[in-house]
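Participant: Below, each chain spelled out in residue letters.
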Amino acid sequence: MSRPTDDDVPGVVSARTGQRWIPVMGLEVHCQLKTKTKLFSHAPYRFGAEPNTRTTPVCTGQPGALPVLNEAAVLLAVRAALALDATVATWSKFDRKNYFYCDLPKGFQITQFDQPYCSGGGVALPSGRIVRLTRIHLEEDAGKAIHDRGPDTLVDLNRAGVPLIEIVSEADITSAQEAFDYLTRLKETLQFAGASDCDMEKGSLRCDVNISVHRPGAKWGTKVELKNLNSFRNVMAAADFEILRQIEAYESGDSALFPVQETRTFDAGSGKTRSMRSKEDAHDYRYFPEPDLPLLHLSAELIDLQRRSLPESAPARRARYVGALGLSEYDAGVLTASPALAQWFEETADLAGSPKDAANWISNEVLRALSDPQIESKSLEDLRITPSSLAELIGFVRAGKLNVPAGREVLRAMLTSGRHAAELIAELGLEQVSDEGQLEEWCQEALVGKDKVIADVLAGKDKAVGALVGPVMKASKGKANPQVVTEILLRLIRDGAPS
Amino acid sequence: MSAAHGHPSPTAPTGATPPAAHGTPDRAVVARTAALARLALSDAELDAVAPQFARILGSFEALRGLDTSGVEPMTRPIELAMIMRQDVPGDCLDPQAALAPAPKQVNGFFAVPKTLEAEG
Amino acid sequence: MSHPNPIDAVETARAVAAGELSAEQVVTRALNAARDLGGRLNLFLSLDRERALDRARAVDSARAAGRALGPLAGVPVALKANMCAEGFESNCASRILAGYHAPYTATFVMRLLDAGAIPIGVTNMDEFAMGSSGENSAFGPAKNPWDEARTPGGSSSGAAGAVAAGIVPIALGSDTGGSVRQPAALCGILGLKPTYGRISRYGLIAFASSLDQVSPFARSVRDLELLLELLSGADPLDSTSLPLAPLGRSGEEGARLDGLRIGVPAQYMPAGLDPRVRTAIEASLATFESLGAKLVEVSLPHTDAAIPCYYVVATAEASSNLARFEGVRYGMRELGDGSLQGMMAATRAAGFGPEVKRRILLGTYVLSSGYYAAWYGQALKVRRLLRRDFDRAFEQCDVIAGPTSPTPAFRLGAKTADPVAMYLNDILTAPASLAGLPALSLPCGFAEESGTRLPLGLQLIAPPLEDARVLRAARAFESATDFHTQHPALFAS
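Quick mapping for you: the protein sequence lines, in order, are chains P, E and Z. First residue of the first sequence: 361, per my numbering; consecutive thereafter. First residue of the second sequence: 9, per my numbering; consecutive thereafter. First residue of the third sequence: 63, per my numbering; consecutive thereafter.
Because the hints were derived from the structure by calculation, they are not lab data. One should not assume that every hint holds.
[Said to hold, decoys possible] Simulated pairs of lysine-lysine, PhoX-like, Cα-Cα distance not exceeding 20 Å:
1. P:Lys837 - P:Lys761
2. Z:Lys443 - P:Lys453
3. P:Lys834 - P:Lys810
4. P:Lys823 - P:Lys810
5. P:Lys587 - P:Lys761
6. P:Lys504 - E:Lys122
7. P:Lys504 - P:Lys562
8. P:Lys562 - P:Lys394
9. E:Lys112 - P:Lys504
With the sequences and hints as input, model every part of the structure.
Facilitator: What follows is the structure, encoded as structure tokens:
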């Protein structure tokens with residue numbers, strides 16, 4: 361694995377000069393670990409809780425309070441590392457990063473500086489190229505400063521001390537699209553490893569981009585840091601903007617306009633990046649070893665145990681869905697959008713005894729319902745159906761008790777009421793009619809005056825009978841089994857029974 | 009933490025020591041240090057502190073003269089294994105108790121002078 | 063020749079348990095003495111009369127009801143103002159924390175309370191424990207009960223004074239570079255800095271995290287031993303607390319020290335040592351010999367580097383530990399120029415005293431970019447060399463002995479103008495702190511000065527975890543001498 365050479369990279373061709381430029385990007389991703397409590401205190405974090413209700417003496421930086429490491433956070437961090445093919449260090453160290461800000465209760469952040477718990481690893485892009493990782497380290501989050509409510513800046517320390525891993529990539533990313541792909545794959549890996557929810561809206565995944573451009577073969581340009589990128593789309597948009605801005609600056613030939621080492625923020629409204637006020641004593645964080653915490657030892661046995669209990673990755677699941685379960689690549693992709701969905705699918709498939717039917721019902725019906733404004737549930741977790749209730753419905757359809765359109769109607773009722781299929785089928789009178797006498801009666805009626813169809817069928821065009829199935833279904837109020845209806849119609853025509 | 013572009017591994021701050029470290033820290037160095045430490049020292053205080061500072065560091069020569077090549081730094085007096093805590097939620101501070109010692113609080117928040125600047 | 067101090071904590075608890083004294087009587091007397099004599103000597107920053115009396119009455123009713131009493135039931139104890147306990151103002155003798163009440167209680171205070179001890183108040187100290195004379199308190203210096211014109215030592219000035227003046231039999235201080243041993247020596251009492259990590263630091267407001275140890279003062283070795291037993295042991299709230307290792311008995315009264323090798327480092331008895339101190343230490347060494355111990359000459363070659371090493375390590379950690387005092391969540395606030403960073407800088411400038419500011423500056427400097435390797439990095443390496451000195455010395459001896467302080471108590475104001483001279487007070491105590499070793503100071507004689515008797519202290523140092531060994535040597539010494547039973551004229555009981 362190594363960085364592609366400038367020749368391997370398409371780069372960006374300047375519209376003005378026709379020159380080709382090579383963008384270089386490295387990403388720093390902060391990701392909240394899915395623990396119940398904070399990294400160094402027993403306070404349970406919940407996004408959206410009332411301000412300052414989730415704190416302890418430790419996370420409010422009360423003098424005299426001391427940090428104690430959360431084992432679950434360490435284990436999740438190890439899992440994340442293993443899922444990213446990284447190397448977990450046997451010994452690592454915590455350090456203090458010193459700076460002053462109102463959301464940093466101790467005046468320092470506990471992080472890992474020169475001996476992080478993890479190094480190396482990589483993320484495979486859909487193109488097959490691998491973006492190498494430099495390192496991953498464990499650290500605590502800061503609190504939240506709110507600037508837009510009243511004359512003061514308001515500080516909420518609920519988030520202070522929440523466990524994070526910071527994943528630092530090598531400067532292997534050469535386009536905005538690759539940055540997007542990298543983030544998508546990284547998120548998928550962390551989610552399927554069970555390490556993080558990676559929910560950008562709730563701030564459980566945050567991303568900074570280091571970006572520069574240079575001419576092929578030339579020395580790299582000055583690195584600019586982009587912050588405040590709160591969605592993958594924004595990362596792409598900001599990178600695209602910044603690449604062009606930097607190219608334009610260099611092509612102006614005026615060195616006063618060349619990019620300088622700075623931090624820029626992205627304004628999603630205008631689609632532009634702009635310089636943040638620089639700080640006079642920026643970046644003298646005076647890191648030193650955290651004296652309140654001993655070294656962290658992670659034994660080979662512990663690492664091995666985590667490796668063996670690592671859940672199946674998304675790519676492995678997709679391969680299995682296609683290979684062993686016979687799903688399409690497309691469905692396999694849809695069903696591995698999140699670990700929760702994949703889990704939901706697998707349970708339904710098991711209970712229904714038919715992966716393909718489960719896949720169809722979930723990707724065609726259940727997922728659509730989640731975006732239907734008339735259905736209250738907006739996520740799998742608050743759906744009013746379960747894998748077992750959906751499997752039951754699929755079972756009825758497969759047994760011929762219900763036709764597919766009726767099945768859809770029942771599912772809708774299940775989604776709004778939370779009740780079971782059997783109950784709803786009876787209540788809605790949707791049980792498929794397979795009573796031959798009744799069906800024959802409706803078929804006889806449908807044949808009246810349809811001499812053209814009859815003639816076509818008798819001439820060997822069986823398909824023509826399709827035109828008569830609809831009216832029969834209508835007469836049955838949708839309860840007729842369309843296959844049986846077709847069979848009866850053909851029999852009646854061939855028997856020459858029409859009067 | 010930001011990884012240097014092209015030099016992505018942070019390294020321990022063992023970089024070359026500027027001349028000032030071997031000489032006497034002047035008033036400007038003390039002023040910069042005070043800013044870094046968030047101590048608003050008046051000119052008079054700086055005038056008083058700078059020579060003291062130099063004298064104290066000068067009296068620490070015995071430290072700098074020692075040959076420590078090959079000596080492992082000692083961060084803690086006793087090396088213990090990290091103790092770890094189970095991930096079990098415990099009691100939180102009552103928000104009133106958490107906020108009570110604050111110089112200013114507004115609607116359940118700690119309140120500070122308006123700032124738009126980022127960390128550091 | 064003599065006996066443990068008849069009014070130590072063990073005896074007080076026995077008398078309360080036997081019904082010879084009520085806890086309420088004992089605590090009332092302590093509170094009154096703390097108010098009167100303590101007030102005269104500026105020993106206490108605040109008293110918690112009501113709660114202390116409630117607790118005393120609870121002990122008395124428990125006894126009346128026949129319930130089991132803790133080993134310190136009814137014993138009044140003084141805390142240091144850098145200790146967090148609900149009900150007490152833990153202001154570290156600093157303006158920046160004036161009025162601060164912690165919303166939680168330190169582990170070691172909980173353990174005292176569990177044993178039935180009754181905290182009566184918090185004592186004066188050098189601001190944030192930074193000082194060797196008590197003169198860096200924002201609330202005026204504490205005074206030495208042996209001579210009100212002199213320092214009781216520091217930084218645990220008030221706690222040492224309160225025990226020396228007979229206000230309480232025991233008190234807790236904190237020792238970072240000598241802040242309990244040195245005032246114990248200057249006040250003629252005992253002070254024990256345990257092995258680093260033996261007593262949980264949860265609830266001790268940090269000065270220098272890798273050096274700070276909660277450390278008891280007492281007037282008898284058996285009290286120190288009992289306190290150490292009660293306070294030590296792993297704490298799930300302090301990752302640096304040692305898993306409980308049995309202390310071992312320090313031996314009985316009158317026990318001899320046959321076979322004990324006492325190392326005397328030449329560096330602790332330099333040519334320029336105060337002759338009165340030298341005489342007292344030499345006499346003490348002779349006492350040890352008479353108890354069967356063998357004297358061995360040892361060397362601690364890096365002692366000269368201990369002061370700079372200590373001041374670099376301690377101030378570096380302090381600069382970070384004290385960053386939290388910036389006017390956001392607790393303590394005072396000055397608005398300064400009205401910006402957030404301006405508010406923080408103004409608050410810190412107004413809230414910290416000159417010595418604390420000096421040390422924050424020093425610590426910030428030695429950690430800052432370009433200076434780290436030459437100062438902080440070098441100090442960590444020298445710290446290892448200092449520890450190796452001890453490791454080698456302990457190959458030849460079991461306990462190291464020497465003076466605790468190079469001089470007896472000096473006059474208030476004598477060294478305030480010269481920080482460098484003040485820092486040199488720690489020359490004999492800082493090495494054991496840097497190495498994390500158990501070290502104890504006990505009374506070993508007096509120096510006459512302008513007609514006043516000033517106590518002198520003997521320091522005993524043992525290898526890590528061998529706290530019981532210094533206690534055993536001290537116990538034998540205590541049985542053979544009577545220095546610890548002598549009181550200043552200003553004595554409460």
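Participant: Could you tell me which of the hints above the structure violates, numbers in ascending order?
Facilitator: 5
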